[in-house]
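*Asks:* Protein sequence lines correspond, in order, to chains A and B. When you number the first sequence by the numbering used here, it's gap-free, plus one each residue, and the end is 82. When you number the second sequence by the numbering used here, it's gap-free, plus one each residue, and the end is 234.
In short, the hints are calculated from the structure, not lab data. Please note that the accuracy of each hint is not assured.
[Claimed, not checked] Derived coverage of chain A by chain B (criterion: at least 3 residues anywhere in the stretch with Cβ under 8 Å from a Cβ of chain B; other residues may be distant): (1) 48 to 57; (2) 60 to 70; (3) 73 to 81.
Note that CB positions come from ideal geometry on N, CA and C, so glycine has one too.
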Amino acid sequence: MMDLIQVASVLGAAIAVGLGAVGPGLGEGHAVAAAMDAIARQPESAGTLSRTLFVGLAMIETMAIYCLVIALLLLFANPFIH
Amino acid sequence: MSESPLSAPVLFSIGAVDVATPVVITWGIMAVLVSGSWLLTRHLRGQDSMRPPSKTQAVVELVVGAIEGQVRDTMRTEPSRYLPLIGTLLVFILFANWSWLVPGIEPPTAYLETDAAMALIVFCATIYYGIRVQGLRRWLAGFAEPTFVMIPLNVLETFTRTFSMLVRLFGNVMSGVFVVGVVLSLAGLLMPIPLMALDLLTGAVQAYIFSVLAMVFIGGAIGNEREPPTKGTE
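The task is simple: from the sequences and hints, build the whole structure.
*Replies:* If you want it as structure tokens, here you go:
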């Protein structure tokens with residue numbers, strides 16, 4: 001029974017990181033593309049744009065980081081494995 | 001590899017109190033920063049001085065001026081009140097994230113407790129500046145924006161954004177350390193160097209983002225103060 005929980009935890013961790021990287025990847029791609037577009041149109045506002053872009057990217061990236069933390073919890077601090 | 005990144009290793013114990021390695025490294029970084037600041041600002045020359053400022057003073061003024069400009073741009077208010085907090089956060093996290101450049105030292109920000117402490121500082125500073133600038137009633141009324149239905153969500157957001165701040169810094173720095181360890185155990189010497197270069201970039205960006213988010217949160221808490229008082233009765 002213990003083994004099954006461990007297998008499920010490792011699988012869950014891998015799936016969490018793998019799938020959790022897809023969404024933020026797509027989102028960050030959209031954000032950077034839009035920022036590039038905006039900088040190409042208005043090079044003089046590049047400073048403000050990149051500052052906002054960095055903060056926005058950090059927000060989006062947090063989703064992937066959450067998945068990473070969930071995976072680490074499953075691997076190292078699993079409440080079902082004693 | 002088998003060592004959990006979620007718990008900090010204990011270096012030594014004083015009585016019943018275990019002192020973890022990140023705590024010692026944090027105090028070391030603090031000592032370096034404090035003594036460095038003291039050495040750098042010891043012989044500052046004012047504007048009315050006859051002689052021009054020294055090269056060191058010019059560099060320090062450049063750095064402080066850059067941070068000041070960022071605070072002014074992001075918060076759209078006079079930066080002098082917030083500069084000590086934001087600047088210290090930025091410099092400390094930058095030094096902490098880059099502290100692994102010294103061999104044998106792991107960045108203290110790769111452990112949850114250090115990041116939690118700093119996120120807690122930002123959380124308290126947000127409340128403090130919000131109440132101090134706006135007054136208790138207007139600060140509380142800010143939770144009912146745009147309608148009173150949003151009160152639970154706004155209160156919840158105050159906590160979750162602090163939590164996401166700490167998880168973001170922890171996750172980024174810790175994953176960098178972790179990946180370098182994994183690659184080192186799999187591929188051997190010299191292989192992790194590109195990843196370590198990436199970690200340098202990540203560390204700088206995360207320090208910047210942490211301080212920008214602190215600015216944005218505090219700026220949101222003091223919200224209405226910086227706009228010209230057109231309809232307010234105060």
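*Asks:* For the region 73 to 81 of chain A, does the count of residues with a C-beta closer than 8 Å to a C-beta of chain B reach 3?
*Replies:* holds (count 3)
*Asks:* Would you check chain B against the region 48 to 57 of chain A, counting CB to CB pairs closer than 8 Å, and say if three or more residues qualify?
*Replies:* holds (count 4)
*Asks:* Test coverage of the region 60 to 70 of chain A by chain B using CB-CB distances below 8 Å; three residues minimum.
*Replies:* holds (count 6)
Violated hints are absent here; each numbered hint is respected by the structure.
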